[in-house]
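Participant: Under my numbering, read the sequence shown as residues 3 to 292, first letter to last.
Derived from the structure by calculation, the hints contain no laboratory data. Any given hint might turn out to be false.
Said to hold, decoys possible - With a cut-off of at most 27 Å between alpha-carbon atoms, the simulated BS3-like pairs for lysine-lysine come out as follows: (1) Lys-189 / Lys-283; (2) Lys-177 / Lys-189; (3) Lys-125 / Lys-189; (4) Lys-189 / Lys-275; (5) Lys-110 / Lys-275; (6) Lys-4 / Lys-240; (7) Lys-75 / Lys-57; (8) Lys-282 / Lys-4; (9) Lys-4 / Lys-275; (10) Lys-125 / Lys-240; (11) Lys-57 / Lys-189; (12) Lys-283 / Lys-185; (13) Lys-275 / Lys-75; (14) Lys-282 / Lys-75; (15) Lys-110 / Lys-75; (16) Lys-177 / Lys-283; (17) Lys-185 / Lys-286; (18) Lys-57 / Lys-125; (19) Lys-275 / Lys-286; (20) Lys-4 / Lys-286; (21) Lys-275 / Lys-185; (22) Lys-110 / Lys-240; (23) Lys-75 / Lys-240; (24) Lys-283 / Lys-4; (25) Lys-189 / Lys-282; (26) Lys-110 / Lys-125; (27) Lys-57 / Lys-110; (28) Lys-57 / Lys-275; (29) Lys-75 / Lys-4.
Stated by the list, open to error - Pairwise CB distance ranges, derived in the manner of DEER restraints: (30) Gln-147 / Glu-238: 30 to 36 Å; (31) Glu-38 / Ser-292: 27 to 33 Å; (32) Thr-52 / Asp-21: 18 to 24 Å; (33) Ser-267 / Pro-160: 18 to 24 Å; (34) Asn-149 / Lys-275: 35 to 41 Å; (35) Lys-57 / Ser-267: 28 to 34 Å; (36) Met-82 / Ala-245: 25 to 31 Å; (37) Arg-231 / Asp-21: 32 to 38 Å; (38) Asp-53 / Asn-235: 38 to 44 Å.
What you are looking at is a predicted structure, and each value in this text was computed from that prediction instead of being measured. Note that beta-carbon positions come from the ideal geometry of N, C-alpha and C, so glycine has one too.
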Amino acid sequence: MKAYIFPGQGSQFVGMGNDLYEQNISARQLFETGNEILGFRITDLMFNGTDEDLKQTNVTQPAIFLHSVVQAKVLENNFMPDMVAGHSLGEFSALVAIEALSFESGLKLVMERAQAMQEACLKNPSTMAAVLGLADEVVETICNQINDVVVCANFNCPGQLVISGSISGIDTACKMLTEAGAKRALKLAVGGAFHSPLMEPARERLAMAINQTHFNIPRCNIYQNVDARPYSNPDEIKTNLIAQLTAPVRWTQTINNMIADGATSFTEIGPGKVLQGLVKKINKVAVIVS
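Can you build the whole structure from these sequences, using the hints too?
Facilitator: Next comes the structure, spelled out in structure tokens:
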């Protein structure tokens with residue numbers, strides 16, 4: 003069974019999607035439609051901007067979404083997924099690719115999500131940190147001991163987690179995790195505590211937009227971040243998308259569940275190859291199809 007996976011924030015790079023734009027007429031039309039919906043030429047920033055341009059949340063998220071969705075649409079009949087999953091933002095790309103959401107609705111939700119997250123970051127100064135070389139349970143136990151907001155945000159692969167929380171809480175956690183034997187506990191250059199309770203204002207704003215958006219029954223199951231389980235019911239998909247903003251991304255569990263349910267190959271759709279690397283770390287014999 004073919005599994006397709008869609009990346010989230012962090013996979014962007016200058017020049018992303020330019021080859022699709024130049025080589026395919028339908029891709030160019032979709033990119034231009036995206037520019038019109040957004041009200042600015044995001045393609046200029048994607049193709050010719052700077053790393054700093056692409057690091058802005060309200061640019062990063064729609065840029066990665068556009069690249070991923072356009073790539074899936076260009077594949078046409080060669081895009082025949084039996085199951086899909088997306089890492090954080092990537093869930094929205096995946097849902098458009100499997101026709102649970104229209105292109106316009108998906109892009110508008112992504113822009114709303116990005117703006118809501120940006121606002122939440124300004125209200126609650128906060129950050130994230132990568133933790134390498136400790137078991138999930140050890141990291142969770144230490145986070146639970148801290149009298150501040152610190153949670154596990156991304157279960158990326160065995161021995162690689164991202165924690166999220168207040169600045170002081172993350173500082174304390176990094177110190178404690180290093181003392182507990184972490185190979186590295188390194189603060190990330192991000193503007194806020196994504197996938198933590200500090201994103202509650204963003205969750206509330208996004209919930210309003212999602213609940214006002216029409217979702218279709220998708221072409222295949224999507225394995226969602228909040229519990230790593232497969233879904234096809236539009237109402238359940240909406241609920242999980244809303245919960246995702248304050249809940250952890252259970253990527254390790256997602257890939258393991260997809261394999262247990264029959265996934266025989268994984269194809270990453272979108273910029274970069276971050277997810278391919280994570281899949282191989284989760285399951286060394288997993289087949290990656292470029």
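Participant: With reference to the structure, classify each hint as holding or not holding.
Facilitator: Structure-based check of each hint:
Distance check on the hinted pair: Lys-189 and Lys-283 sit about 22 Å apart at the alpha-carbon level, within 27 Å; holds. Taking the CA atoms of Lys-177 and Lys-189, the gap is near 11 Å; set against the 27 Å cutoff, the hint holds. Distance restraint check for Lys-125 and Lys-189: the Cα-Cα separation of roughly 20 Å lies within the 27 Å cut-off, and the hinted pair is therefore satisfied. With a C-alpha separation of about 22 Å, the suggested pairing of Lys-189 with Lys-275 holds against the 27 Å cut-off.
In summary, the hint linking Lys-110 to Lys-275 is supported, as the alpha carbons are separated by about 25 Å, within the 27 Å threshold. The suggested pairing of Lys-4 with Lys-240 holds, with an alpha-carbon distance near 24 Å, which does not exceed 27 Å. At roughly 25 Å between alpha-carbon atoms, Lys-75 and Lys-57 fall within 27 Å of each other, so this suggested pair holds. Taking the CA atoms of Lys-282 and Lys-4, the gap is near 16 Å; set against the 27 Å cutoff, the hint holds.
The suggested pairing of Lys-4 with Lys-275 holds, with an alpha-carbon distance near 17 Å, which does not exceed 27 Å. Under the criterion of a C-alpha separation no larger than 27 Å, the hint pairing Lys-125 with Lys-240 is consistent with the structure, at around 25 Å. Taking the CA atoms of Lys-57 and Lys-189, the gap is near 16 Å; set against the 27 Å cutoff, the hint holds. A threshold of 27 Å between alpha carbons decides the hint, and for Lys-283 with Lys-185 the separation of about 17 Å falls inside it, so the pair holds.
At roughly 19 Å between alpha-carbon atoms, Lys-275 and Lys-75 fall within 27 Å of each other, so this suggested pair holds. Distance check on the hinted pair: Lys-282 and Lys-75 sit about 26 Å apart at the alpha-carbon level, within 27 Å; holds. Distance hint between Lys-110 and Lys-75 is fulfilled; the C-alpha atoms sit about 18 Å from each other, no more than 27 Å. Straight-line distance between C-alpha atoms of Lys-177 and Lys-283 comes to about 26 Å, which keeps the hinted pair within the 27 Å bound.
For the suggested pair Lys-185 and Lys-286, the alpha carbons sit about 21 Å apart, so the restraint of at most 27 Å is met. Of the supplied pair hints, the one linking Lys-57 and Lys-125 holds, its CA atoms being roughly 19 Å apart against a limit of 27 Å. A distance of roughly 16 Å separates the Cα atoms of Lys-275 and Lys-286; the hinted pair therefore holds under the 27 Å criterion. Between Lys-4 and Lys-286 the alpha-carbon distance is near 17 Å, which keeps this suggested pair within the 27 Å criterion.
For the suggested pair Lys-275 and Lys-185, the alpha carbons sit about 23 Å apart, so the restraint of at most 27 Å is met. Pair hint Lys-110 plus Lys-240 holds up; C-alpha atoms about 15 Å apart against a cutoff of 27 Å. Between Lys-75 and Lys-240 the alpha-carbon distance is near 23 Å, which keeps this suggested pair within the 27 Å criterion. Restraint check for Lys-283 and Lys-4: satisfied, since their Cα atoms lie roughly 19 Å apart, inside the 27 Å limit.
This hinted pair checks out: Lys-189 and Lys-282 have alpha carbons roughly 25 Å apart, not beyond 27 Å. The suggested pairing of Lys-110 with Lys-125 holds, with an alpha-carbon distance near 23 Å, which does not exceed 27 Å. Between Lys-57 and Lys-110 the CA atoms are separated by roughly 19 Å; this keeps the pair inside 27 Å, and the hint holds. With a C-alpha separation of about 18 Å, the suggested pairing of Lys-57 with Lys-275 holds against the 27 Å cut-off.
Restraint check for Lys-75 and Lys-4: the C-alpha separation of about 17 Å stays at or below 27 Å, so the hint holds. Range check, Gln-147 to Glu-238: Cβ separation about 34 Å, and the 30 to 36 Å hint holds. The given range of 27 to 33 Å is respected by Glu-38 and Ser-292, whose C-beta atoms sit roughly 31 Å from each other. Hint check: Thr-52 to Asp-21, Cβ distance near 19 Å, so the stated range 18 to 24 Å holds.
Under the hint 18 to 24 Å, the C-beta atoms of Ser-267 and Pro-160, about 21 Å apart, fit the expected range. Separation of Asn-149 from Lys-275 is about 39 Å and conforms to the stated range, judged on CB atoms against 35 to 41 Å. In this structure the hint that Lys-57 and Ser-267 lie 28 to 34 Å apart at CB holds, the actual value being about 32 Å. For the pair Met-82 and Ala-245, the beta carbons lie near 29 Å from each other, so the given range of 25 to 31 Å is met.
Under the hint 32 to 38 Å, the C-beta atoms of Arg-231 and Asp-21, about 35 Å apart, fit the expected range. A beta carbon spacing of about 40 Å between Asp-53 and Asn-235 agrees with the range 38 to 44 Å that was offered as a hint.
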